[in-house]
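Protein chains: 2
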Amino acid sequence: MSSISFVFSAPSSPNSDNAIHLGYAADGYARIKGISALVTTFGVGELSAINAIAGAYAECVPIVHVVGYPSTVAQKNGLLLHHSLGNGDFGVFAKMSRYISCSVSILEDAREAVSLIDDAIRKCYTLSRPVYIALPTNVVQKKVDGERLKVPLDLAPPANHTEAEEYVVNVILENLRSAKDPVVLIDLLRHRAVAEAYKFVEKSGIPTFVTPMGKGAINESLSNYGGVYAGDGSSAGARERVERSDLILNIGAFQSDFNTAGFTHRTPRHNSIDFHSHGVTVRYSEHPGVHMNGVLCKLTARLCELDIETGSVPRNITPAEAVESSDPVERLDPVITHAWLWPRLGQWLRQGDVVVTETGTANFGIWGTRFPNDVVAISQVLWGSIGYATGCAQGAALAARELGRGRERVILFTGDGSFQLTAVEVSTMIRHNLNPIIFVICNHGYTIERLIHGREAFYNDIQEWDYKILPTAFGKSERFETYQVKTRDELEMLFADESFATSMKLRLVELYMPSDDAPRALITTAEAAARRNAQSD
Amino acid sequence: MSSISFVFSAPSSPNSDNAIHLGYAADGYARIKGISALVTTFGVGELSAINAIAGAYAECVPIVHVVGYPSTVAQKNGLLLHHSLGNGDFGVFAKMSRYISCSVSILEDAREAVSLIDDAIRKCYTLSRPVYIALPTNVVQKKVDGERLKVPLDLAPPANHTEAEEYVVNVILENLRSAKDPVVLIDLLRHRAVAEAYKFVEKSGIPTFVTPMGKGAINESLSNYGGVYAGDGSSAGARERVERSDLILNIGAFQSDFNTAGFTHRTPRHNSIDFHSHGVTVRYSEHPGVHMNGVLCKLTARLCELDIETGSVPRNITPAEAVESSDPVERLDPVITHAWLWPRLGQWLRQGDVVVTETGTANFGIWGTRFPNDVVAISQVLWGSIGYATGCAQGAALAARELGRGRERVILFTGDGSFQLTAVEVSTMIRHNLNPIIFVICNHGYTIERLIHGREAFYNDIQEWDYKILPTAFGKSERFETYQVKTRDELEMLFADESFATSMKLRLVELYMPSDDAPRALITTAEAAARRNAQSD
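As you go down the protein sequences, you meet chains A and B in turn. Using the numbering used here, you'd call the opening residue of the first sequence number 1 and step up by one each time. Using the numbering used here, you'd call the opening residue of the second sequence number 1 and step up by one each time.
Each hint should be verified, as a subset may be incorrect.
What the hints assert, rightly or not - Below 27 Å or equal to it, Euclidean Cα-Cα: the simulated DSS-like pairs (lysine-lysine) are:
#1 A/K180 with A/K199
#2 A/K95 with B/K76
#3 B/K468 with A/K505
#4 B/K476 with B/K505
#5 B/K142 with B/K123
#6 B/K143 with B/K123
#7 A/K298 with A/K203
#8 B/K476 with A/K468
#9 B/K123 with A/K95
#10 A/K95 with B/K95
#11 A/K203 with A/K180
#12 A/K505 with A/K486
#13 A/K476 with B/K486
#14 B/K76 with B/K142
#15 A/K505 with A/K468
#16 B/K123 with B/K150
#17 A/K123 with A/K150
#18 B/K298 with B/K199
#19 A/K298 with A/K123
#20 A/K95 with A/K123
#21 A/K76 with B/K95
#22 A/K123 with B/K95
#23 A/K468 with B/K505
#24 B/K476 with A/K486
#25 B/K123 with B/K95
#26 B/K180 with B/K298
#27 B/K468 with A/K476
#28 A/K143 with A/K76
#29 A/K468 with A/K486
#30 B/K486 with B/K468
#31 A/K298 with A/K180
#32 A/K476 with B/K476
#33 B/K123 with B/K298
#34 B/K468 with A/K468
#35 A/K76 with A/K142
#36 B/K505 with B/K486
#37 A/K143 with A/K123
#38 B/K505 with B/K468
For the record, the hints were derived by calculation from the structure and aren't laboratory data.
Kindly produce the complete structure, drawing on both the sequences and the hints.
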């Protein structure tokens, strides 16, 4: 039986079209604390939030979306109310949300409402996806029996059929016994089997890699941690090690384009065991309904039966370029490049940090950062809605503050183009006295888009802002600090500054980088996307 | 045969979540020029825009929404692409848009595409609602026969059945002959019958009133113009005149809550003739399919057959409070109140102005402003998505600049709370060198919400910004001017300043007003909404 607490992260009026920002914040909050809630207004508010909710659906993030509805009387009478389409149809928006919610509940009767709410929260948590609850104004005021609140909701994942689970575990153990060179690949897990996967990796000692979606789910300071595997975008040595393996345990397997550097992965089905919340697939044998949680627990418990040949332990040293570039030109260059930045960042990060990276150079660059233990990494690898990360960082910072000790820092990396979309969330952060560290990569626009299409096109340029002035427009100066960093030396100085590292104020850093520079993994992925876009039938 | 031109108003990258702002801009552009187009990206972009498109659907604004889709090959293969839900279903977003579009076209075959595009534009224009066109990346590159482009699309409203139209016109003329006290009520027209209604009103001399949604559709300097009719929220004298009428010609009739000051209108069915684009209703007789355009033209032509008793001509003088308050306390008060502001504004406006008012105090306040001839008024009376007006003003300013002479000024009135939602559009305006006049009503938050629920509640407060600084963060100072106005005298001075009135730069005015002051019509409407929300079944 798990316990559950969630907040209504609604910093401004609920019928706000900043509902999209709030949706991103709810997403970030849920990724830190396991679940979140978002309250919006009928029509205008919920549709503003729908992109954020769709993102949570795609990326398996549990958000309880509560929508304030007109009273049941007004609905019954088909009144022409504001925030409606003016056709008397009050069901239309719930129908739209059905496509991106794992449950839709319309609360009309107070007695029925309590079980509908419990059921929605249970589905949200166990299926790890958004649910939609419609709450009419007059139902809000009804009194209901509060006895149910004394019994915690059962949020445990469903237990597996014992014999089926035992069978699958035995098959996997046999496969492990006969494997010469097994590896573990950690992929899309969210909160569902992180603890189980963590224990398995630690106890087994099997060489372990993460996909971009799995980054942060595992302790990267373990001696059997080998880096990021994403086909052509893998970190040094990772690709060779994974692709020569004769048994890949793929926990949370999810092979989307950006998660595989444009489908350049080579993890053949006949060498793979895929672990999912909905079942396990061993090579070509499917075992639907055998959830990974129970299987992973039992596997970990029975590892002593094995004498696993882990093969060569993956390279697990600080990348050379993080200390000093091996290229003499690069070494002397004062310009901050992606090749230099991301490994260097890994040395500055601390245990407990939350690192949010925006779709663009940042969420590809972070593949090159080796984390200390217990770093939470957030990026929207599948949905990729630009502007997401800044809204998300606000929710993540709220959640981190509630958790307290151990989650002191939320660090955001976003591009200037992306930042412009949701920059007003800096106002929300200042309002709530949150203190994330915001790095705005100033590189004159949409570098990721330039790499896919229109390298010099005007639509990939942006209006140049003076980002440092923004917080001054939004609030009191005692709540924030701003910085400008244009060279490696300046960034080194900032990284060496302990008061910057531990300040209680919001910190906004303008980080200047060349517009034509990008992480290698992004270049590979963008080339693949461009080819696919042009592909003819 | 009408001619048609439309632009792709996409100031930033298409896969922007500012797509909601762009959607508002496309809405504003269409209200000025008759139609507009919006380009967004599959999934993330289109869902960000969906609230704006739903608003256009509700409010009958024609927008061609073009969505960039993955290639048909990628779709066929069910690839796990970014911006998708990760389930291989590429049809889901089009299904969501079906509820708020009058046509959805998926371009898959180049030969079919040309007729689908023509058909979508025709539907968009004639039905005056959004259409959705899905354009896969690989279809973009196909060559098609351009011969069709030489024949303009037929965008004329469908002609009425001659005998049915003749019958309806005769019935209306008979009704007019026997009426003692007829009035005309101009309501939701958009571009569909404005010219026809205008001529009818001018030639007939019948006392004419506008609803909030009809405001700006008719020449308010005509001697038979009588003000705004909205039940308890009507302008002085209008209510008495309309409600004692024995025949109300309601052109574009649309009785929604905010259009009738909370359903306080009293225009009984047995005294009403309703004109719609889909038909005409004479008292209790319906005439579906007899479009108002043909009927209004014929009525105007045959007015000479009538000797209409117009009854008392409505009061048509400048409201006393606009010159000087009759209340001695109010007269001496330096504070800018709504009762003083809106009539005063009417004297400062000029022929050709475009006036955009945000949902809140502004779109109720504008009821009290008598316009010069040929003022275009924009407000989202039905949909009421806060933040709309600033995005809309950007699109309206773009359209006004394209029209050139006669539409020099776009004037926006928004509240501080609303402005915060879409304030970054000031950056887009500066980028495109647009020069609207932006009045930000600084009254510490959501006054309209305070009046409905939670007068002192924290969620109706906002973070206090320094609005004047914002443009400096967004761009070069030679493109904008900022002002601060706290008293009536200061506003009088600003209104007297010809260089302010005609500057080629963007002007942003902080306009301070008390947080507990509101237009009378808003107070009435909010009280009705609060009662309705609490209404029990």
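Okay, the hints, checked on the actual structure:
With a C-alpha separation of about 22 Å, the suggested pair A/K180 and A/K199 falls inside the 27 Å cut-off, and the hint holds. Among the hinted pairs, A/K95 with B/K76 is consistent with the structure: their alpha-carbon atoms are about 26 Å apart, no more than 27 Å. Proximity of B/K468 to A/K505 is assessed by CA-CA distance (about 24 Å); at most 27 Å being required, the pair is judged to hold. With a C-alpha separation of about 11 Å, the suggested pair B/K476 and B/K505 falls inside the 27 Å cut-off, and the hint holds.
For the given pair, B/K142 sits about 24 Å from B/K123 by alpha-carbon distance, which is consistent with the 27 Å threshold. The straight-line distance between the Cα atoms of B/K143 and B/K123 is roughly 24 Å, inside the 27 Å bound, and the hint therefore holds. Distance restraint check for A/K298 and A/K203: the Cα-Cα separation of roughly 12 Å lies within the 27 Å cut-off, and the hinted pair is therefore satisfied. This hinted pair checks out: B/K476 and A/K468 have alpha carbons roughly 15 Å apart, not beyond 27 Å.
Between B/K123 and A/K95 the CA atoms are separated by roughly 24 Å; this keeps the pair inside 27 Å, and the hint holds. Pair hint A/K95 plus B/K95 holds up; C-alpha atoms about 10 Å apart against a cutoff of 27 Å. The straight-line distance between the Cα atoms of A/K203 and A/K180 is roughly 18 Å, inside the 27 Å bound, and the hint therefore holds. Of the supplied pair hints, the one linking A/K505 and A/K486 holds, its CA atoms being roughly 22 Å apart against a limit of 27 Å.
Simply put, A/K476 and B/K486 have alpha-carbon atoms about 22 Å apart, close enough for the 27 Å limit, and the pair holds. For the given pair, B/K76 sits about 18 Å from B/K142 by alpha-carbon distance, which is consistent with the 27 Å threshold. Only pairs whose Cα atoms come within 27 Å are accepted, and A/K505 paired with A/K468 is accepted, the gap being roughly 15 Å. Note on B/K123 and B/K150: the hinted pairing holds, with a Cα-Cα distance of about 19 Å set against a maximum of 27 Å.
Annotation: proposed proximity of A/K123 to A/K150 holds, straight-line Cα distance about 19 Å (limit 27 Å). The straight-line distance between the Cα atoms of B/K298 and B/K199 is roughly 11 Å, inside the 27 Å bound, and the hint therefore holds. For the proposed pair A/K298 and A/K123, the alpha carbon gap of about 25 Å is at most 27 Å, so the pair holds. For the hint pairing A/K95 with A/K123, the CA-to-CA distance comes to about 18 Å; that is within 27 Å, so the pair holds.
For the suggested pair A/K76 and B/K95, the alpha carbons sit about 26 Å apart, so the restraint of at most 27 Å is met. Taking the CA atoms of A/K123 and B/K95, the gap is near 24 Å; set against the 27 Å cutoff, the hint holds. A threshold of 27 Å between alpha carbons decides the hint, and for A/K468 with B/K505 the separation of about 24 Å falls inside it, so the pair holds. For the hint pairing B/K476 with A/K486, the CA-to-CA distance comes to about 22 Å; that is within 27 Å, so the pair holds.
Restraint check: the Cα-Cα separation between B/K123 and B/K95 comes to about 18 Å, which is no more than 27 Å; the hinted pair holds. Restraint check for B/K180 and B/K298: the C-alpha separation of about 22 Å stays at or below 27 Å, so the hint holds. The suggested pairing of B/K468 with A/K476 holds, with an alpha-carbon distance near 15 Å, which does not exceed 27 Å. For the hint pairing A/K143 with A/K76, the CA-to-CA distance comes to about 22 Å; that is within 27 Å, so the pair holds.
About 14 Å separates the Cα atoms of A/K468 and A/K486, which keeps this hinted pair within 27 Å; it holds. At most 27 Å may separate the alpha-carbon atoms for a hinted pair to count; B/K486 and B/K468 meet this at roughly 14 Å. Of the pairs offered as hints, the one joining A/K298 and A/K180 holds, with about 22 Å between alpha carbons and a cut-off of 27 Å not exceeded. Of the supplied pair hints, the one linking A/K476 and B/K476 holds, its CA atoms being roughly 24 Å apart against a limit of 27 Å.
For a cut-off of 27 Å, the pair hint linking B/K123 to B/K298 stands: about 25 Å separates their Cα positions. Annotation: proposed proximity of B/K468 to A/K468 holds, straight-line Cα distance about 15 Å (limit 27 Å). With a C-alpha separation of about 18 Å, the suggested pair A/K76 and A/K142 falls inside the 27 Å cut-off, and the hint holds. About 22 Å separates the Cα atoms of B/K505 and B/K486, which keeps this hinted pair within 27 Å; it holds.
Straight-line distance between C-alpha atoms of A/K143 and A/K123 comes to about 24 Å, which keeps the hinted pair within the 27 Å bound. Only pairs whose Cα atoms come within 27 Å are accepted, and B/K505 paired with B/K468 is accepted, the gap being roughly 15 Å.
Violated hints for the displayed structure: none, as all numbered hints are satisfied.
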